[in-house]
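For chain H, the structure is supplied; the task is to place chain F on it using the hints.
Heads up: the sequence lines are chains H and F, in that order. Quick note: the first sequence, position 138, residue 138 per the numbering used here, numbers continuous. Quick note: the second sequence, position 271, residue 1271 per the numbering used here, numbers continuous.
Keep in mind the hints are simulated off the structure, nothing from the lab. Every value quoted in this text rests on a predicted model; they were computed, and no experiment measured them. All clues given are correct.
Here are the simulated DSS-like cross-link-like pairs (lysine-lysine), alpha carbons at most 25 Å apart as the crow flies: (1) Lys1300(F) / Lys1450(F); (2) Lys1205(F) / Lys1498(F); (3) Lys421(H) / Lys1164(F); (4) Lys421(H) / Lys1110(F); (5) Lys1107(F) / Lys421(H).
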Amino acid sequence: MASLQLLTVEILTAALGLGLLALGLLVPQNDRRGIGYVAAAGLAGLMVAAFSMRDASGVVLGGYIIDPFGTYFKVLFLAAALLTAVCSFEYVEKMGFNQGEYYALLVLATLGMMILASSGELISLYLGLELMTITFCILAAYRLDDAKSAEAGIKYILLGAMSSAILLYGLSLVYGASGSTVIKEIAQAVATGGASPALLLGTIFLLAGFAFKVTAVPFHMWSPDVYEGAPTPVTGFLSVASKAAGFAALVRVFFGALPDLHNFWVQLFIALAVLTMVLGNLVAIPQTNIKRLLAYSSISQAGYLLLGVVSFSVLGIGAIMYYAMLYVFGNMGAFMAATAFYNTDGSDEIRDYAGLARRSPLVAAVMLFSLLSLAGIPPMAGFVGKFYLFMSIISRGYIWLAILGILMSMVSVYYYLLVAKAMYLGNPPEGSRPVRVAPGLQIAMIVSLLVLFLLGIYPTPLTNYAMNSAVAFFMP
Amino acid sequence: MNFPILTAIMLAPVVGLLLILLIPEREELTIKITAAAATFVSLVLAILAYVLYDYGRGGLQFLQDVPWVPSFGINYSVGVDGLSMPMVLLTAIVIFTGVFASWDMTKRVKEFFIFLLMLVTGVFGVFISRDLFFFYLFFEVAVIPMYLLIGIWGSTRKEYAAMKLTLYLLVGSAFALIGIIATFLYAAQQLGHATFDIQTLATVKYDLGFQKFVFFLMLIGFGVLVPIWPLHLWSPDGHVAAPTAVSMLHAGVLMKLGAYGLIRVGLFLFPEGAKYWAPLIAVLCIVNVVYGAMIAMVQKDLKFVIGYSSVSHMGYVLLGIAALNTLSLNGAVAQMFAHGIMTALFFALVGNVYHKAHTREIARFGGLAHQMPRVAAGFLIGGLASLGLPGLNNYVAEFLIFIGSFTREQTLLGGILSYRILSILAISGIVITATYVLRVVKNTFFGPRKPEWDHLEDARGVEMVPIVVLVATLILFGLLPSLQIDMINSGVAPLVAKIEAAKAIGGIF
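With the rest of the complex left out, here is chain H:
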């Protein structure tokens, strides 16, 4: 029984998801607005529950690991899901149908991520991955009246299926070479058996599969189109939570199962990180649509996170965790501002943001400071995150990589400032109305802005939490 207690958060999440589904069928069409509130309250409660279990550790059913590392990511997923739910109230209501399913899918996707972050075994890892991917396919295509949304869904399902197949192939090769699906046992088999060609091939396939999930170049092709087409809150959720989940699983598999091969895969990750940072940032420059801009920016963010993997150290994992958490608030902040703008003006084009600072100081400020956090400009939290990431690779002697990364993040300042330029330097069009922001969204925006400021000025609590979890992961 004790072991089931460890699964409290997962069980409750599953219950919440199914409950919302049932609720959606029971409540009459016109009263379904409340479902969003139920979902948000449930997610908030789950977040508290997950946080209270932050020190719990143990293994359930042989291959499912509850540890501070996984729980940290669960808190992260739930925070992202909560912000997404709050962000969706008005957006989904406007779409006008299937509100119950929407929130249920959101919660189930979160469940998938949790499983992904906690599995210490390849089959359950794959299960979590599929749960997450398939729910996201539906969510991405959720705007029935919009061809772009349908395109996003199709693209995500086709490319997602392909990447899943690649990953699965990698998993089967690793299983074949090591004779086990449990990560710990694989590590032992690799330590004693050495690197066989099949294992190396499997590693490469695994890397490609995960690179798809975290949108690392050259496996990023799907993301700009999917991000642009999907409903804005879903895009936000997809960009932060599924990426963080990808990193959690990636760290578990590569650091947990294949540490003895790190000389081999670190080289590959260096190549991925370089490509991702350079391409993501450079291609973001000419974008004119805010969602595409954020898509490329989030590709580049994956590049920075990969630096933590490259460093192959406790500091690197801690830096990934820290950065991933800030990235939730930074990116969701930007997407919430974009949603608020869309709800009033129905546009995602950056040129339509002209004069936004005059029309809604709050929305403009949230967008500006979220983008600055993504760029890593103090006193926003993103700076501290990048500081840790760069420190982790410099400590391993990759100074050139750090220089490249920092220069690229300065490039990112350029395109973020183009948005700031439109908002602050431009004049609002004639006869424009003030941007009206729903109270819930307003609170969520203010909260994430405060989080970014507070963690930028006083990063200590989250630093300790992330670093301690990272230490616990490395030395269980």
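Here is chain F on its own, set in the frame of chain H:
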């Protein structure tokens, strides 16, 4: 006395900023008064700290330490010594007068003062930080408000200039950041514990290759801000485009951040690296001085003249740094202060003229002393300070720099060049300076009265605040240099001791 005076100096603008956030946008006068009050508090506290600083004892004073991120050895630790105290005072004077120079601002007043106070908070923070992490953090805080201030309230190609400036500064700071992290990691390995404390980092023996490499990174990082030729391209554009108060703060204080960083982090932590790269700095700074002055000579726009004159004057500061001895470093810091006050005065006056005449083209002016005698007088005093007239602050500083670098007996490039020759070349810059300053003064303010400008009103009321305060400062420290030099010397002495203790090594050429 346990009152955290330095933190209070830094936080006064933050309090002002938060108050302004709560004031409705149309209450423009209230907003301005709040900003003035906040900066006045900083100024009074800065003067108090300056007076209370015991330079007989020297070293870092008014210390305050708060553990911040213990696992990385990051502390919020502040303190000032003879190098940073004058800079804090300079910042306080310039921002206080800058607020009054912006009194006629009518466009988006609330946002303007919010960003202005945000900017100055960062600047104060850099000068009082003893912790390298916070040093860099504050350094970067200043950049983005700058972009918006220039982009929204600027003139002449403002969007281009704002973006150019921002990117230059950020790319520069990227190099500094690498240097800082590398230093931190190196020191953590040597010391056995993580720390960002500059004093502790200075006790570590860095090997020569590391010093050369990291000092070079710092030279680029802080050199962009100084600005060292050829990394100066952002500065004239930025100065010209910026609104008055921002030009004042920018040329007056922000450029000093670069030189200060170079001394505080570069020289203090890596004396051997500094010795290695000093000849390069010495040669480049002569280009700054002479080239900057020559370009200033042919400008048509008043603000461009001052923009390039800043490039030229900062060359002297660099020469003082490159000569690496007590006199020259004293002079360098004094010059940072003197130039800051002088250039702020210039920009305040030009802003005054521009606001009323809506042009800055020198050729269109003439005889403005008839209509604006007070502005003309202020400009003349600034001009005389600029060309190093004895009795004004700049003279003291430049004199020390020249003596210091002239007495340095070292030859460069296998005997072709020496510090003496470089000093003589630098002194020739004074002559060019005199030419362009007097040309501008003559063509703008003197000569026959032009009826075209009869509608211009002279500076009066609050507009007089910047002129009076800045001129008084120039004269005070010009007549009583000991007020300043004793203070600076107490900060320079340990630095020079460290440089002299360092291994003698040959320069890069």
